[in-house]
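Let's have the full structure, built from the sequences with the hints guiding it.
In order, the protein sequence lines correspond to chains A and B. Taking our numbering as reference, the numbering of the first sequence is continuous, increasing by one, and the terminal residue is 350. Taking our numbering as reference, the numbering of the second sequence is continuous, increasing by one, and the terminal residue is 1310.
Hint data in this document are derived by calculation from the structure and do not stem from the laboratory. Glycine is no exception: its CB is placed at the ideal position from the N, C-alpha and C atoms. Take the hints with a grain of salt, since some may be wrong.
With beta-carbon atoms standing in for the labels, derived distance ranges [claimed, not checked]:
no.: 1; chain 1: A; residue 1: LYS298; chain 2: B; residue 2: VAL1223; range: 27 to 37 Å
no.: 2; chain 1: A; residue 1: THR163; chain 2: B; residue 2: GLN1253; range: 22 to 32 Å
no.: 3; chain 1: B; residue 1: VAL1216; chain 2: A; residue 2: GLU111; range: 55 to 65 Å
no.: 4; chain 1: A; residue 1: LYS110; chain 2: B; residue 2: GLN1253; range: 33 to 43 Å
no.: 5; chain 1: B; residue 1: VAL1223; chain 2: A; residue 2: ASP112; range: 54 to 64 Å
no.: 6; chain 1: B; residue 1: GLU1212; chain 2: A; residue 2: ASP170; range: 52 to 62 Å
no.: 7; chain 1: A; residue 1: ASN159; chain 2: B; residue 2: VAL1216; range: 50 to 60 Å
no.: 8; chain 1: A; residue 1: SER328; chain 2: B; residue 2: GLN1253; range: 50 to 60 Å
no.: 9; chain 1: A; residue 1: SER328; chain 2: B; residue 2: ASN1252; range: 50 to 60 Å
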Amino acid sequence: MKKVVDYKCPNCGASLKYKSKENKFKCDYCKGEFTLKELKKSKKETPEKEEYNYLDDMNSYHCSNCGAMIISLDNITSTTCLYCKSNAIIKNRLSGIYKPDKIITFKYEKEDAIKAFLDICKKRPLLPKNFNNPDNISEMEGLYVPFWLYDIKNDAYLNADCTRVTTWMDSKNIYTKTSYYNVERGGIFTFKSVPNDGASRFDDKIMNAIEPFDYKELKDFETSYLAGFLSERYDVNRDEALKNAKERIIFDSINSLKQNTSTYNTTLVKNTKNDISVTDIKYVLLPVWVLNIKYKDKIYHFAMNGETGKLVGEIPVDTKKLWILILSLFFGSFLIIFLIFLLLGYKVIL
Amino acid sequence: MKKLIYYIAFLLLLFFINLLPTSAKEILTCERTKDDLKVREELKNNNNQSAILETPCVDASSKIYDFADLLSDQEEETLFLEVSDFIKETNYDLAIVTINENPKGTARNYADDFYDYNNFGINATRDGLVFLIDMDTRELYISTTGYAIKTYDDSRIESILDSGYYYISDEEYYEVFSNMIEKTSYYYSLGTPNDNENLIFDDNGNPYYVREMPYVLIIFLTVIITLIPTLICYFKTRLKIKVLSTNSYLENQEITLKTDRLVNTIITHTPRYSSSGGSGSSGSGSSSHGGSSFHSSSSSSSHGGGGRHF
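As structure tokens, this is what we get:
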């Protein structure tokens, strides 16, 4: 049995949206504003009918508001009804091992995300045509992405061959002294809350790039925060997601040890060891605005950190525009330079 | 009675005239006046009237103008034949002039004006040469006009002067001219010197060097002008995802092991001053720019050539 929850306005009965800027739930129709406490209180006073549906296999639910069918993928934990735009939160998918420990809520609205995207498209002369057209941009969706946060301790070891070169001279000769050293470095690196996304449909690279999140904003998870946004539960488990986080911290720990040998002129790493222990894992939902734009059969992903407003993504160069630029510059400047030389009295001799 | 005296005096005059050197062959001359300058129309109305009046007016077909009387009749006739052959062969006019007095100051001015203000030259560009021995300024001079400027560049002029100069101190003036004609004819057979390939003539027959389009430079500039904005646009447009380090999550870092073992030391030395090679010999000698040097004369037409004092 799965349960779809929608928070209704105690005044008019319309769907409520959570606005994290004010930490309040707002009603778009009657402009009512409510805190979480107020909502819970009003719920108790007028116990809401809970609606059930039994179409488990098909991943579909009846909207508690209008009765339309909501079809959602396995991992979707909150969505909106296509017909009446009321919020649907699938509570069953947020329980048990899928219950997030913490959440950071959206600080940036959709308009902010669209504006940030349009800003990043500005002053790019070879931006592909239609890349920033309104149809594409309206696909921007706010999404609570499941993240694993790892507290990791790494006992790292590095063995390297280093050289130190000194030169001096007397009246006759220049002397070069090359000293060869075998160098060992070891260190304990303690990382706190290294994030890695637990959703397979997002590229780890782009999700790493929107970091960091301000963990001070982490609050205890409440289902109601998801109202009005899409959210997912993890489909990459904690051990799998750890691989990527491990790679990153190993790279950075070894790099740090290597920098410890920077007094040498050359450093050649021979051997490294990493003893990693994970001390704590948290399952959190982090706010991300995502936008996918298709250009020439390739999909370009953009993501904006919904907490800090940092937008990342890849923008390709419009090859057609590039060629037009190259050819027009080439022939244009050739013609102009040719004419200048002609005016200077140079002649074409065949 | 009076008539008789005049008659005898006239006969005596004729006798004395006959006593003058027989080599003084008559040069056909004409009179220039201010109203009748006897020059081509296009040369009039310049501020060159005095220059025209100072220039003797001669029959351009005579070719030999021995005002200084340096050549015998026989030599003049032989030279005339040589000059005629030269003209036929090369299609360049040639005048041979000797003078004792030069009212124009320099051999160059005299030779140029003599050519311009008499009817010398073949074709519209009035191609031809003047060989002048100026006994006043003691200079042997060659003036070239029209396509002769192109055929005879400075080094060829020098070489032709060389061929005549050898005989001038011996006062063998026929040899001077004869050798110069031979050399001039020889250079004609070699065609246009490489230096003068780019020498062309404008509508007024004045020569100038054309500069050939520097294609390599143009392509080079074009590529730079294309490349720089293209690269700027490319890198301004493209956006990449940057991989971040995890250092912001690093809570604590503690170096627990730090050993540095010296394995080996190698000291090498090299001499402080690299041996210097022999001092390079600096080339001497003036670099001669190729081609023909030319100037415009009082008639504002262009002449090339050169001369040498003796």
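Results of checking the hints against the structure:
1. A:LYS298 - B:VAL1223: 27 to 37 Å: At roughly 31 Å between Cβ atoms, VAL1223 of chain B and LYS298 of chain A fall inside 27 to 37 Å, so the hint holds.
2. A:THR163 - B:GLN1253: 22 to 32 Å: Since the Cβ atoms of THR163 of chain A and GLN1253 of chain B sit about 26 Å apart, the hinted range of 22 to 32 Å holds.
3. B:VAL1216 - A:GLU111: 55 to 65 Å: holds, 56 Å
4. A:LYS110 - B:GLN1253: 33 to 43 Å: Since the Cβ atoms of LYS110 of chain A and GLN1253 of chain B sit about 40 Å apart, the hinted range of 33 to 43 Å holds.
5. B:VAL1223 - A:ASP112: 54 to 64 Å: violated, 44 Å
6. B:GLU1212 - A:ASP170: 52 to 62 Å: holds, 58 Å
7. A:ASN159 - B:VAL1216: 50 to 60 Å: holds, 55 Å
8. A:SER328 - B:GLN1253: 50 to 60 Å: Holds: the Cβ-Cβ distance is about 54 Å, inside 50 to 60 Å.
9. A:SER328 - B:ASN1252: 50 to 60 Å: With a Cβ separation near 58 Å, SER328 of chain A and ASN1252 of chain B satisfy 50 to 60 Å, so the hint holds.
In summary, the structure is inconsistent with hint 5 from the numbered list given earlier, while agreeing with all the others.
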